[in-house]
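Student: Residues per chain are reported as follows:
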Amino acid sequence: MFFMTKTVFSNLFSRYATRLHPFVVREPFPDARGELYCEIEKCIFCMTCQRKCPSQCITVDNKAGTWTCDPMACVYCGVCVDNCPVACLHQKQTYRAPTPERLMLSLTGTPPRAARLAKAKTPEAAPARAGEPKAEVPPVKAEEPKAEAAPEKGEGPNEEAASAKAEEPKLKAAPAAKPAAKPAAKAQAKPKAQAASKPKVKAKGGKGKA
Amino acid sequence: MARTIIPFGPQHPVLPEPLHLKLVLEDEIVQEALPAVGYVHRGLEKLTEIRDFNQMVQIVERVCGICSMIHAQCYCQGLEEMLGITAPPRARYLRTIWSELHRMHSHLLWLGLFADGMGFESQFMQCWKIRERIMDVNEATTGNRVIVSVNVVGGVRRDLNDGQLRWIGSILDQVEAELKALKKPLIDDYTVKKRTVGKGVLTAEQVYELGAAGPTLRASGVAQDMRMTRYAAFDELVFTPVVETEGDCHARLKVRYRELLASIDIVRAAMRALPEGELAVAVKDKPAGEIVTRVEQPRGELLYYLKASGKKNLDRVRIRTPTFANIPPLLAMLPGVELADVPVVVLSIDPCISCTER
Amino acid sequence: MTSILLGILALILAPLAGGLIAGLDRRVTARVQSRFGPPILQPFYDVAKLFGKEPRMGNVWQIFCAYIYLLGAAVSVFLFFAGADLLLLFFVQAIGAVFLVFGALARPSPYSQIGAQRELMQILTYEPLLILVFVGLAKATGSFKVAAIWSHPEPLLLQLPLLYLVLTTALTIKLRKSPFDFSTSHHGHQEIVKGVLTEYSGPYLGLIELAHWYEVVLVLGICALFWSTSLVGLLVLLAVTYAAEIFVDNTMARLTWRWMLGSALLAGLALSFLNLVWLYLA
Ligand code: SF4
Ligand code: SF4
Ligand code: SF4
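Residue numbers (our numbering), protein chains in the order written: chain A, 1193 to 1402; chain B, 663 to 1020; chain C, 196 to 477.
It should be emphasised that the hints constitute simulated quantities derived from the structure, not laboratory data.
A few of these clues could be false.
Per the computed footprint, the stretches of chain B lying under chain C, defined by three or more beta-carbons under 8 Å from a beta-carbon of chain C, are [claimed, not checked]:
#, stretch
1, 771–779
2, 854–865
3, 997–1007
In silico DSS-like links for lysine-lysine, alpha-carbon gap of 30 Å or less [as the list claims (entries may be wrong)]:
#, chain 1, residue 1, chain 2, residue 2
4, B, Lys855, A, Lys1244
5, A, Lys1198, B, Lys916
6, B, Lys845, A, Lys1198
7, A, Lys1244, B, Lys708
8, A, Lys1198, B, Lys791
9, B, Lys973, A, Lys1244
10, B, Lys856, A, Lys1198
11, A, Lys1244, B, Lys946
12, B, Lys842, A, Lys1198
13, A, Lys1284, B, Lys791
14, B, Lys946, A, Lys1234
15, A, Lys1198, B, Lys855
16, B, Lys974, A, Lys1255
17, A, Lys1244, B, Lys974
18, A, Lys1284, A, Lys1244
Glycine residues also receive a C-beta, built at the ideal position from the N, C-alpha and C atoms.
Start from the sequences and build out the full structure, keeping to the hints where you can.
Tutor: Here it is as C-alpha cells:
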C-alpha cells in the first residue's frame, strides 16, 4: 500500500521541482521561438510576411511604410521569420511580458520606392527617416536577460540570412544554427535544479560560437 | 435516495477539458449518462475557406493542445499524398521522433490527471515532473513547448543535430528510469487498484462494436494501432501495439504506461536509424483531389479527410478525432458505476474535448 | 476558576494554532509532492480574504447552520480545555458536525446534497470510534473528566495503543485527508467539487474554516491526552501523528465511502474492542 514511501521521502529531502516563477526565470533555450521583432531598416515592404502569417496578425503598408504586428494575435509559429526574403524578422527567445492593455507593435520605415525618391532629391533625408522603432519595443527589451540582447542583434540576422528565400535554402539555415543549440541545451538538462545561473554561462558561450 | 441529475462539466474542476455529461444517479450509482458536445466549438475546419493550405498547417495544429504535432503531421501527410510528393526520409524520421515525444508528454499528462482524478495528488506532481523533461526537449528542439510548428507540407522545418540527438538520448534514459520507478506506486498501489480494477469494463466485442479507438480499444484486447499502417518512419521501424485484455480502467492505465516505455524505444530506434538528407521537398503545385489519412494520436486513431480542387484554399478539411470515437464506449461504461468512480472512468478514455469539438 | 480561564484562553488561541497547523501542513505537503508551497501564514490570508468578501448566501438557514457549526466546535474546544466531561464534549461536537450537514442540505444543489450525505456517512464512521476511544480513556483512568485524564500519572498510550490508532483514523476523517476526503476535499478536483462546502462562500465559508481549525485543535487535544505526562512526549506524539497524516494523505488515492463503511469502520471497531478487552483483562 505504501509504495509511494520512497518518493515521498526523497521529495521531502530534495529540492522542489517547481520554479518560483516571476523571481526565478529559466534561461531560454537558444532555439526557442519567442516574441517577434522586425529590423525595420532592412525591411523592403514586400508583404510576404503578411501573406504567409497563419493568424494574419501582420499588416504591411508599402505606401506609408508601416509594418504593424498585433503581438496578441501572434502564435509564435515563426512562419513569417522563415519566409522573409531579407531576413529582417526575428524571434527573441523570450515571450512578451504580459500587459494590461492591447499593444500594437507598429514600426515605420522607408519603403524602397520612397527611399529611392528621397535619395534622388535630398541625400540626407533618407537616413533621418529610416527606422524609428516606436512605443513598446524598449520597455519589453529591458526585462530580457542581457545575454542575448546584444549578440542577437548582431548575429541573429546572419544566421537567418542564409534562410532567405522560400523553402529550399531555409533548410540549410537550420543546421547552421545548430552548434549554438547543442551545448546550451545540454547544460540545461543535466543539473536537477534549473536555476538561472548555470545555463546562462553556456548560452553565452554557445552564442559566441554561432 | 431518489433520482438526481448531476451536471458533470463542462466546467468541472475534475475535468481537464470541457466535457459535458448529465449523470442520472440513483443512490450515487449512475443509471445513465447523457453527453452534450459542442461547448468549445471553434470552427477550425471552416477556416480553410480563408486560409491557404500552407497556413492550415498551423491551424490544424491548434485543434489539439496536447498532440498538436500529430495533427499537423497527419494533415501534411495527406496533402503530400494528394500532391504526389513524399517527404524526404529524414523528415519522416524526424516526424516520428517528435510525434512519439508528443505521445509521451500526452500520456504523462494523462497519468497525472488520472491520479488527480482519484484524489492522488502527490502522484500528479510526479508525473508532471517527468513530463517537464519532455517539454524541455520540445522547446529546445522545436522552439515551442506544446504547439511545436515543425511541419510544413513537404517535410519539416527544423532539424536535429548530433548534439541534440545525444542530449535527447540522455533525457530519455532519465525519463525511462523515472517511469520505471513510477510503476509500483502508480500501477501496483493498493488504493489505485481499488479505484480502477473492474471499473468501466468493456469486452473486446463491445469496444469493437462501439468503435473505440486507441488505448481504450487496446485495453480490451483488440490489437489495433494506426502505427501498424506503417506511416512516417514506421515502415522501417519495428512496431508492436501494446495490448491488455482486462478492459477496465486499470488496463487502460497499464496500456498507457507501457506505451510510454514503447515510445521511448521507438524514439531511440528512430534516432539511431535517422537517415541523412533533405528536410523538405518544395511544393510547386496546388493540391487537387480527395484523400483520407490516418495516424495514431495518443488517444487513438486520428482521421483527416481532405478535398481540394487546385485552388490555394482546400475545399474541405474534415477531422475525426479519437475522443469523438470514444464517447459511445464511455457512455456504455458509465451505467452502474458509482459517482465517486465517474472521474476515473471518464478520464480513462483520456477525453480531449477541444479536439473533438474543433 | 482557572479552568474557565484556561478554556477562554484556548478559545482565543485555538484558531491561531489551527491556522498555523494548516499552514505548516500545506507547506510540508507541498514539499512531499516536490512543490515549493504557499507561505505558512497562507490559511490566515485566505480566511481574512473570505471575511473581506460581500456576504451572499442562498438562504438564512444556511447562515444559521454555519454559526451553529462554529459554535459547536468552539464550545467543545472550550469544554476540553476547561477540563469538562468528555461525553458532554462529544455531544456538543456532534451537534456542530450535524449542523454542517444541515447547512449543506438546505440548498438544492446536487453537489451539496451528495456532499451532505457523504458527510453523514463520515460522521457515522468517526463518532462511534470516538466514543469507543472515550470509553477506553475512562476505563483506563476511571473518569470521563478531561482534567482527571490529563493528570493520569502515566502515558495512556502504553495502555491504549490500538485505541490511539483508532483515534488517528478519526483524525484523518476530520482533517479531510486521503483516503477519506470524499465529502469535501482540500482542493475541488473531485466529482462533487467541494461537496458540503460547495454552496458556502465569502464570510460564511470563513466561519466554517474557522470552525474546522477548532475541530482540528480539539482532535489533536484528545490525541494529546494519550501522553499528558511530559510536554516533550506530548509534542513528539502530536508531531509524529500529524506527519503520519500527511504521509498517508500523499501515499494514497481517495477511496469511497462504501470502502470506509466496509473496511475502515470495521477495522476501527475491531481494534477498539481488542484494546478494551485487553484493558478489562489486564
Ligand atoms: S495558470 Fe495562473 S494560477 Fe495557474 S499556474 Fe499558471 S500562473 Fe499560476
Ligand atoms: S517579409 Fe520581411 S521584408 Fe517583406 S514586408 Fe515582411 S518584414 Fe518586410
Ligand atoms: S510568428 Fe507566426 S503568427 Fe506570429 S507574426 Fe509570424 S507568422 Fe504570424
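Student: Return the numbers of the hints above that this structure violates; sort them in rising order.
Tutor: 4
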